[in-house]
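Novice: Each chain is listed here by its residues.
2 protein chains.
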Amino acid sequence: MTDVTQHKTETKEFRGQWIDFIYNLQDKICKALEAVDGKAKFIEDEWQRAEGKGGGGLTRVIQNSNVFEKGGVNTSVVYGRITDKLLQVLKLPFTGGIKGGSWFAAGISSVIHPFNPFVPTVHFNYRMFELYDKDGMLADRWFGGGTDLTPYYLFEEDAIHFHSTFKQTCDTVDEKLYPLFKHNCDEYFVNTHRNNERRGIGGIFYDHKRADEHQDAGFWFNLAQGCGNGFINAYIPIAEKRKNIPFTEAHKHWQEIRRGRYVEFNLIHDRGTLFGLKTGGRTESILMSLPATVRFEYNYQPAKDSEEDKLLQVCLHPKDWV
Amino acid sequence: MTDVTQHKTETKEFRGQWIDFIYNLQDKICKALEAVDGKAKFIEDEWQRAEGKGGGGLTRVIQNSNVFEKGGVNTSVVYGRITDKLLQVLKLPFTGGIKGGSWFAAGISSVIHPFNPFVPTVHFNYRMFELYDKDGMLADRWFGGGTDLTPYYLFEEDAIHFHSTFKQTCDTVDEKLYPLFKHNCDEYFVNTHRNNERRGIGGIFYDHKRADEHQDAGFWFNLAQGCGNGFINAYIPIAEKRKNIPFTEAHKHWQEIRRGRYVEFNLIHDRGTLFGLKTGGRTESILMSLPATVRFEYNYQPAKDSEEDKLLQVCLHPKDWV
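In order, the protein sequence lines correspond to chains A and B.
Here the first sequence stands for residues 9 to 330, where the numbers follow the numbering used here.
Here the second sequence stands for residues 9 to 330, where the numbers follow the numbering used here.
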């Protein structure tokens with residue numbers, strides 16, 4: 009094999025492994041959520057991008073089940089020619105090397121909205137992006153991802169459990185990562201138009217992670233695998249523990265108010281959502297992230313020192329949970 | 009009086025007349041809506057901008073009344089020093105003349121969401137913007153506004169009535185205006201991420217209207233007065249006629265699905281909403297535009313040729329109603 013052939017074979021294998029990873033994770037997480045639910049099965053929609061655009065996705069949605077009011081676990085594997093517009097949106101310089109080249113992106117993305125206001129909403133996303141030059145040689149590759157929790161009522165032990173799981177996973181590869189990713193997460197999921205209220209109690213978030221002299225691409229792949237699989241240990245026990253707590257209309261009302269904030273964040277601020285909608289992604293797959301029933305009331309404020317206010321305060325003032 | 013003094017007196021008077029107009033219109037429209045409702049009164053919040061920023065507003069909100077589930081009729085009168093950032097956001101050149109100058113903006117804005125799915129949601133907004141040079145001389149002034157209707161079920165006679173009212177008002181000043189403003193409206197209130205579905209059946213919309221050799225500022229002021237006052241004739245009879253039609257949970261369900269599209273438009277696309285939120289406007293006043301209860305379902309499609317589909321089709325393919 010020539011060097012060029014070997015390089016192409018290796019990157020093709022790497023892509024293939026990443027795609028296997030996201031499909032396997034999608035299967036595993038859907039099964040784990042179906043087991044918690046005990047009734048419903050995810051429905052599946054396979055979609056292709058419009059003619060002339062490469063790739064598509066596998067959207068799996070659960071609605072009105074026992075435990076989950078609405079949720080999705082989606083994968084997409086998409087690619088195309090590099091255009092000026094794409095580089096603008098990605099904020100990358102159009103270097104000579106990648107003119108006439110191509111791009112590839114594959115990821116898994118999920119948002120789960122439970123019925124019971126004592127079970128938190130959860131979101132995760134792990135993705136890999138690659139650029140190729142006109143000869144098909146890899147020119148750039150980066151990773152991004154994260155998982156964050158949005159409770160409606162605060163159980164401190166749940167917050168500690170959730171964060172501990174991701175700290176442990178990150179620590180196995182590098183102890184510097186969790187504090188950094190936890191901070192990134194608190195800085196990212198912010199409703200700046202609401203006094204910097206966070207949408208929940210955070211988790212981990214990272215982006216634009218590239219191979220360098222310290223870490224190769226395999227390092228970031230392993231991290232995504234660890235955190236992606238970590239979802240099950242981080243979230244499922246919380247859902248199991250809280251899914252049968254009796255709740256009132258008042259609890260549901262507060263959940264719907266907070267879901268309003270979730271909608272505001274996703275539609276006003278979330279880069280992934282806006283990037284997807286503005287570059288012709290599949291709207292129904294992107295907006296599966298929105299909760300089923302939502303409430304917007306003028307100037308709604310929970311009573312001081314109520315359980316609702318306790319949650320609001322940790323959204324306004326993020327805490328270190330571990 | 010010197011020319012300079014006279015100019016300043018005239019612009020001050022003009023500003024004063026505009027402010028009187030929006031306050032009077034706010035009173036008149038709140039009374040008309042309270043009369044339709046028969047029960048509730050608007051509650052009023054007066055607010056000031058943060059220290060060092062000039063002006064404030066008068067927010068009037070109605071919630072959970074007989075006819076109206078949520079609505080607001082807001083005025084604001086705000087001003088400040090001209091900054092680079094402001095001109096960037098307004099996409100205006102920073103000419104020497106207005107460096108060190110000031111700006112002034114005053115407007116009225118309203119969104120009304122009725123309970124009954126057979127009563128349409130309605131929105132209007134009329135605003136005037138002025139720039140002054142460092143000597144306090146008027147350097148620029150423009151007007152914008154519009155009124156649009158968002159039904160959940162289509163009554164063709166209502167659509168014709170609504171559009172006819174604004175056509176008549178526009179025609180009294182210039183017959184060229186209505187077709188242009190109707191087209192602007194159809195082009196503006198569009199969910200581009202939903203196959204260019206409009207949020208409703210439109211109305212009129214205009215922006216950046218300045219005095220020129222054909223029309224003076226008084227012309228645009230008169231138009232805003234005509235259209236602003238026209239709201240009462242355009243909307244109130246529709247609300248009266250439809251407010252007692254019996255409806256089912258299925259009708260309410262469809263209304264909440266469509267309200268989801270309203271939220272999507274306002275948070276993803278509406279320039280006014282995003283401008284307000286990103287330049288530190290009062291969030292609760294801006295987001296009073298969001299409906300009280302909203303529903304997002306994965307891939308929801310009304311049955312072909314149903315009443316719901318009939319509405320959807322005119323949102324996808326705007327019609328000429330007069």
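Check the hints yourself; a few may be wrong.
Claimed, not checked - The following label-pair restraints were derived from C-beta to C-beta distances:
hint, chain 1, residue 1, chain 2, residue 2, range
1, A, Y308, B, H325, 45 to 55 Å
2, B, P245, A, A258, 30 to 40 Å
3, A, F283, B, K312, 48 to 58 Å
4, B, R279, A, Y308, 42 to 52 Å
5, B, N252, A, D215, 49 to 59 Å
Simulated from the structure, these hints should not be mistaken for lab results.
Quick reminder that beta carbons are idealized off the backbone N, C-alpha and C, glycines included.
Novice: All hints, please: hold or fail.
Specialist: Status of the hints after comparison with the structure:
Distance hint for Y308/A and H325/B: a CB-CB separation of about 38 Å, inconsistent with the stated range 45 to 55 Å. Checking the proposed 30 to 40 Å range against P245/B and A258/A shows it holds: the Cβ atoms sit about 39 Å from each other. At about 33 Å, the beta-carbon gap between F283/A and K312/B misses the expected band of 48 to 58 Å. For the pair R279/B and Y308/A, the supplied restraint of 42 to 52 Å is violated, since their beta-carbon distance comes to about 26 Å.
The beta-carbon spacing between N252/B and D215/A, approximately 54 Å, falls within the hinted interval of 49 to 59 Å.
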